[in-house]
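Q: Since the structure of chain A is provided, determine the placement of chain B with the ligand on it from the hints.
Line by line, the protein sequences give chains A and B.
The first sequence begins at 1 in our numbering and counts up by one.
The second sequence begins at 422 in our numbering and counts up by one.
Simulated from the structure, these hints should not be mistaken for lab results.
Everything numeric in this text was worked out from a predicted model, so none of it was measured.
Among the hints, a few may not be true.
Under the rule of at most 25 Å between Cα atoms (straight-line distance), these lysine-lysine pairs were calculated in the PhoX-like manner [stated by the list, open to error]:
id : chain 1 : residue 1 : chain 2 : residue 2
1  : B       : LYS534    : B       : LYS578
2  : A       : LYS276    : B       : LYS480
3  : A       : LYS388    : B       : LYS456
4  : A       : LYS158    : B       : LYS534
5  : B       : LYS578    : A       : LYS91
6  : A       : LYS290    : A       : LYS158
7  : B       : LYS456    : A       : LYS158
8  : B       : LYS534    : B       : LYS456
9  : A       : LYS388    : B       : LYS480
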Amino acid sequence: MGKTIAEKILQSHLLDDGAVVEPGNIVRAWVDVALLNDVNGPIAFRHFANMGGGPVARPDKVVLVCDHFAPAPNAPGARLIGDMRRFAQEKGIEHFFDVGKGGIEHTLAPEQGLIVAGDLVAGGDSHTGTAGAFGAFGTGMSWAGMAAIMMLDETWFKVPESMRFELRGKKAPFVTGKDVILRVLGEIGVDGALYRSMEFGGPGVAELNIDERMAICNMMVEAGAKTGMVEPDAETEAYAKAHAKRAYTLVRADADAQYASRHDIDLAAMRPMVAKPYSPENVVAVDAAKGVHVDQVYMGNCANGTLTDLRQIASVLAGRKVARGTRAIIVPATQQVYVQAMKEGLIEQFIAAGAAVTTPTCGACFGGHNGALDDGEVAVATVNRNFKGRAGHAGAQVYLANSYVAAAAAVAGEIVDPAVL
Amino acid sequence: MIFEGNIHVVGDHCDTDVMIPGRYLSLVEPCEIAKHIFEEVDPGFVKRVQPGDILVAGKNFGSGSGREHAPFGLKGLGLSCIVAASFSRTFYRMAIDLGLPILTCEAAARAAKVGQRARIDTASGEIRIDRQVFRTQPMPPFIQEIIEQGGLTAWVKAEVARRRASA
Ligand code: SF4
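Next up, chain A with everything else stripped away, as it sits in the complex (with noise of 0.2 Å):
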């Protein structure tokens, strides 16, 4: 019987050749990378302690990023990274991304060829799935899971069922992969895709290029999923061949796999979306929203802060201006994004259009910093969560949507379609 694509990368970690991976089973395997930030690894070294400590088994497969708190904003913020700093040069992690040196994890691991077509990745945080988009299977770990995979170099993992998106068609001018999430996340709902795999083929796959393909699998957590992936193409392997450090498995789908459920997506019919508070699964065309004041528009985080993001966002505030009681900050994903999007001009564009440009962080995506939001505000951001407290007060509201709606919606200091801009 054919194999799907979390079945076949369980099957290439297995720790025992003769354990049978079908769904519901559970399974001891090896990751290839283990993936820690300065919120759930300080917790996760002091269950490392707890387990008796000492030489973490496998220092080169653990990647450590201060992302959350970085910058610190505060005392307690400053501990949490000097956690991270103190672990890193005791253990001798070599993968540790200070202030500066780095991003935000989901971002900057397969940028740096950490995280490559066909591992196997355990993380700390909830969003490590975006690995999906290289055509690898990341999913998020408790911490005792990852203190466990840091002393003994392996894991378990319950065999998930899976679910198959195919996607065809041309997409239409404005339309992104963070509105095919999203679509989705309307059809299925939060809790549509529990424990699953979420695979998503087909040949409207070539119409997304890979940092669209991250906005995609970023947001499969949201409807409940253990993992998910884009199958890999040309687009998958020529970015692997950039990047990767390591030798890379592109693996795809077999032809007869048993998937739990099948769906269509037609990208020629698609709309620009948006999710209204406070769930993402609460999503309605850009239309349906159109004319809701915006106090602030936050452009970034993990799977929204690329290149092509900051294109989309430049290509929209061309020869404009952010509107006149709204405030829009833009926020590069790693620093190689960073130095890119200057030499393009772009980072320019958006100071003169009045905008606010900073150093990477997650800060305002989880409403710890850098633009928090205060009671009765309304935002427009291309994060991933718009539940209730979120992003700074409880009393805030936040409307999830693509680049260019985010942008639009700067401009005109409401929510606005970026056809008729």
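A: Just chain B with the ligand now, kept in the frame of chain A:
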């Protein structure tokens, strides 16, 4: 393992923010975290729970932010086991790794009422609520092993010792 206790009930999509508000994330001791479980929505909850009691929940229990403090606090409160129509997978994983047994059973979750008695056999998957009997998937043996040792920390210690002995 077999657990018997009084039932407490919560509804669908109960998220980790409701279980333990963000302002308590700096707490690390389970008994300290336990004092604040469901504080905003049901301030009396903590007092009503007796050690060994069983929590029965609707679907998608533990959704939202992946937050270890939530299962840690529920365990610290003395709850012996959680049955739900479904769990968010991060919560499911975190509960097991912290040694808190959990079973998925939609029928039992829908039938249970506050104050009834439950008897749960994690090895056979049998759930008795007063006189009604429900059957669900038992916890897989490997997971039972982790739970029986009280969580992943003890399991890892034992595994390290096993490896040393065989080296
Ligand atoms: S950018 Fe936002 S969603 Fe991404 S890792 Fe940071 S806080 Fe999480």
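Q: Determine for every hint whether it applies to the structure shown.
A: Hint check:
no. : hint                : result
1   : B:LYS534 x B:LYS578 : violated (39 Å)
2   : A:LYS276 x B:LYS480 : holds (23 Å)
3   : A:LYS388 x B:LYS456 : holds (24 Å)
4   : A:LYS158 x B:LYS534 : violated (31 Å)
5   : B:LYS578 x A:LYS91  : holds (19 Å)
6   : A:LYS290 x A:LYS158 : violated (43 Å)
7   : B:LYS456 x A:LYS158 : violated (32 Å)
8   : B:LYS534 x B:LYS456 : holds (24 Å)
9   : A:LYS388 x B:LYS480 : holds (20 Å)
When the structure is compared with the earlier hints, violations turn up for hints 1, 4, 6 and 7 and for no others.
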